[in-house]
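In order, the protein sequence lines correspond to chains A and B. By numbering that gives the first Met the number 0, the letter at position 631 of the first sequence is numbered 630, and the numbering carries on one by one without gaps. By numbering that gives the first Met the number 0, the letter at position 404 of the second sequence is numbered 403, and the numbering carries on one by one without gaps.
Source of the hints: derived by calculation from the structure; they are not laboratory data. Some hints could be false.
No copy is singled out in the list; a pair is fine if it fits within one copy or between any two copies.
No more than 20 Å apart at the CA atoms, straight line, and that leaves these computed lysine-lysine pairs for PhoX-like [said to hold, decoys possible]:
| # | residue 1 | residue 2 |
| --- | --- | --- |
| 1 | 410 | 180 |
| 2 | 181 | 410 |
| 3 | 196 | 206 |
| 4 | 180 | 206 |
2 protein chains.
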Amino acid sequence: MKTAHKLEDLKRPVPSDIDIAQAATPVKIYGFAQQLGLEEDEIELYGHYKAKISLDVVERMQDRPNGNYIVVTAITPTPLGEGKTTTTVGLSQALGAHLDKTVFTCIRQPSMGPTFGIKGGAAGGGYSQVIPMEEFNLHLTGDIHAISAANNLLAAAIDTRMYHESKQSDAALYRRLVPTKKGKREFSPIQVRRLVKLGITERDPDKLTEEEAGRFARLDINPETMTWRRVVDMNDRMLRGIEVGRGVAEQFPRETGFDITVASEIMAILALTTDLADMRERIGRMVVGFSHAGEPVTCEDVGCAGALTVLMKEAIKPTLMQTLEGTPAFVHAGPFANIAHGNSSIVADKIALKLVGDDGYVITEAGFGADIGMEKFFNIKCRASGLQPNCVVLVATIRALKMHGGGPLVKAGQPLAPEYIEENLELLEAGADNLVAHIRNAKRYGVPVVVAVNRFTSDTDAEVDLVRRHAIAAGAEDAVVSNHWADGGAGSADLGRAVIAACEKESNFQFLYDLDLSIKEKIETIAKKMYSAAGVTFSETAERQIADYTRNGFDKLPICMAKTHLSISHDPNLKGAPSGFTVPVREIRASVGAGFLYPLLGTMSTMPGLATRPAFYDIDIDLETGMVIGLM
Amino acid sequence: MKTAHKLEDLKRPVPSDIDIAQAATPVKIYGFAQQLGLEEDEIELYGHYKAKISLDVVERMQDRPNGNYIVVTAITPTPLGEGKTTTTVGLSQALGAHLDKTVFTCIRQPSMGPTFGIKGGAAGGGYSQVIPMEEFNLHLTGDIHAISAANNLLAAAIDTRMYHESKQSDAALYRRLVPTKKGKREFSPIQVRRLVKLGITERDPDKLTEEEAGRFARLDINPETMTWRRVVDMNDRMLRGIEVGRGVAEQFPRETGFDITVASEIMAILALTTDLADMRERIGRMVVGFSHAGEPVTCEDVGCAGALTVLMKEAIKPTLMQTLEGTPAFVHAGPFANIAHGNSSIVADKIALKLVGDDGYVITEAGFGADIGMEKFFNIKCRASGLQPNCVVLVATIRALKMHGGGPLVKAGQPLAPEYIEENLELLEAGADNLVAHIRNAKRYGVPVVVAVNRFTSDTDAEVDLVRRHAIAAGAEDAVVSNHWADGGAGSADLGRAVIAACEKESNFQFLYDLDLSIKEKIETIAKKMYSAAGVTFSETAERQIADYTRNGFDKLPICMAKTHLSISHDPNLKGAPSGFTVPVREIRASVGAGFLYPLLGTMSTMPGLATRPAFYDIDIDLETGMVIGLM
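In isolation and in its complexed conformation, chain A is listed as follows (with noise of 0.2 Å):
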């Protein structure tokens, strides 16, 4: 599957994203499809530079060893991130193009709606990019649209039932959700699924009791637990508290609100499904709420996991694309890293772990930092797909360093202050201990650890040596200087080389914690040997929810949580490697559908704002070329 190739005549100063991105030439999706060993049929062209790969891919070659799986993380971050992406990116570019080695990257696809707000490119940046980065950035082949739609479709049936429950009586609803067609009179197959939860045996619609009846067509659903939200993939902050049913032919007012589409659950699930049938088991089993008799309420008793899964259907098909070196990339899924787990898909692992095969490199990213993204990487998305990780690669930046050490304030917009521009040694050596803390973390899951140091041009040679010395003391199995921005692949050889020797060291994968523990067992568990915490405190909220979750039978989920990713606790003060704090767990959310228990640590924010000057007014079609011009 021999696609790569070498960058040659790379720009200095180095170009923007776009411009670098939009003067490459990425060849026809099709052919190149072909050359990694898809057949005609598991390619489903979107556009020149874009397929959808099928599922069937791994049954096909169900008897090929996978490659090696490796997960990019990083060190906690400045609120400028630390260039995981673009290191993952680069790192797959060396691999592939100067190591001859069979090469897979397999990353999130952006939520939309910031890329006219504020941000940098999810593409990577510089020589390490994902291209085109236009259809990468906007639409790509439409999985967030299909997201939408789905979840949007369950919270209008919602809506609506209770409105339809609060206008008829049981009688008059089970006549109209069981209506006599043609003479004939049946339950359909999805509503023959809630007859089964409800325990009714019978099966023709004229001899339900009425007490059978009034069960199956009253949901009942108590609006205060309502817990489902409308979404769009926009950062649209004047959605964030709204209030429905205000029309005058409804006059049935309801508090609630958007999120923005990445935040949905249905995201969520599309990254840790593994099947069609899987994915329509998890659709069926999200909880939208509790009824008044404080029993869960689900989409399958709602009536339309089985639509659901129908907008879903393409959506599961992750998105090959390539790397500015010609090197495989898989765009699937990107669900929030805090109230979610923040990783790209499972099954575009899997496809691509039996593409690369047995020699082969699958690179794949965790969200945020290690303390966040890679403990969910493992303990819940390993979990699902019953993975073996060979290697954790671990993004580590001076700048990110330095702030932990105590210097000052970094901010988006922001100038940078002159510590984080000049040699400062004091500063990196009092903020390595971030990076010791990851490292001693990454290696309680019996993984290989290596550090890559994302370089930027201010850092000098000697707090390169600092950051390395440090790396190798706490256990990694290695420390590099990566240069993907400005060399693409060439700039991560010495990365990609680490990363060859760790995945042959041997590999002794396991969970933090069992899934049998109680609820606060596995909270403690992660605030304690993640984030050193001392303990943990639990609202009379959390207790109240960890009480019905037990006793729904929610307690065996993992758990996912959702916190800040500016430090190792749950305080985004607390620079560098804090211990001996408590977690305060506010509340705890469920996401039976996707499969986890989400703490809340802080105030989750789950629908960005625009700024008075957003990106937007940089926007723009050349109108002679009909390329997109100012896109970040």
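Got chain A; can you put chain B on it based on the hints?
Showing chain B alone in chain A's frame:
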């Protein structure tokens, strides 16, 4: 461009639409597109059976004469619809597979929302369908999703702008809108457009006067005048009336609501635009509300017209699919037929007319009855495209004519009264004047008219003959029975022959009114000449709007009447061919970007709802085969 093939082994009784569609084996669309004369770079595949086609075709074939241009419309329908799309598809199959002609079908993309509510297939029906019907009805190539994204980006931008303006002084706004970046301060090209509009000639941000900077920075939208609403492609009635901005951080409440996506002005633009540059300008011209000083505020003023165009740049390309008998179909755009013009896209028609060439046929469909869809096809769509129609096909059903003759109420979901199933020449005779009125209306445009009697199994020969006699007497070139639902193209062969003959007649196409007439004169012309109204009354609101629009130069736009489709008049209860009534104009709205004014003659619902038992109860995936089940 021979792609057609005759259907064989037609089943009796006629199976369900989805069973027929799924039993067919569509050909791979790439080879299909090549056979039509399309070149590799003009074809962008979306899966195996759909392709977006580049607008470059029109330029490449500019020297080739256009084919014959046929619009399919209908008499005033019952609420069940009279089979226009099915006739459009069946006629194409007849021409292509049975009469050896080169043919193209151009139809609208359906909204996805109603698919899960209650509806008939939008892909045609029986043995006259566009396939695969699941792909046709779900997502297609993402155009409607792109419209949702573009529409909602503008909504978010407006609301957030109003919020920021409420919190900041002119100077602060200006400083943020034109920030100093790396020591430089400059207007973006999009901001320069606003300077031009404001008549500000200075281009150095530091040199604007305080007054100029204030005018530039503050849009000062009067919230009372905000007409831009958000959209979602779902039947979600609880979003008809909502209050946004209730979040803790916002506390900036405003009453608004959601429409279904196909009601967005951007959909109307997609249908009426001629190329990317034209779309960019139309999007920029969209008026979202008025300033406190009464000046129109446009999408361009808000600063996101470029971004919206970028979001729409793939949507502008029509989607190629195929019919059951292998003739090509463009599926593109689907604006509402009341508040918008209800016709598929100009670009699809233009490409198709080039591809079929001189002796070919392009069959395009206009929404609702001829008083609406055909009138708008002529006066709005043909005016924007410059294309000349050669023939009108007017679809009639015995059922609808009986209703016009005084037959009992026809209602969706309820059994038909016996009058509609048994021969009843009296009712039919009494109702024929509706057909006659539409023929008279169509002929006013100088275009030959062919009546297609869409035959139902219960229609008798005597009934069909009566309709035929009335049609010919009223001036139709011919009136033929079409049996495409049961027999595919073979059932439409007579209709095909009649259309071929009609296209050989001379067509002297002319518009109904001149754009230079006043708004009132244009409305009165349509009301009197098309509807046979005695006159028109204008509400106070309408009078004020007419004055405003005239002052702003919007009075030269064509008129897009928003009225019921269930009567030629404004009153759904006036069946047959009413006359002498007075049309009340309650309000007149402006779609300045799409390029029309739309007078409201009644209450138009722009957001459907869901019944107690929506269609989603039947929709699921067959997990064995991966096929969609239960789609209607």
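Taking the hints in turn, this is what the structure says about them:
no., hint, verdict
1, 410 to 180, "between (63 Å within a copy, 15 Å between copies)"
2, 181 to 410, "between (67 Å within a copy, 16 Å between copies)"
3, 196 to 206, "within (18 Å within a copy, 71 Å between copies)"
4, 180 to 206, "within (17 Å within a copy, 74 Å between copies)"
In summary, the structure agrees with every hint in the numbered list given earlier.
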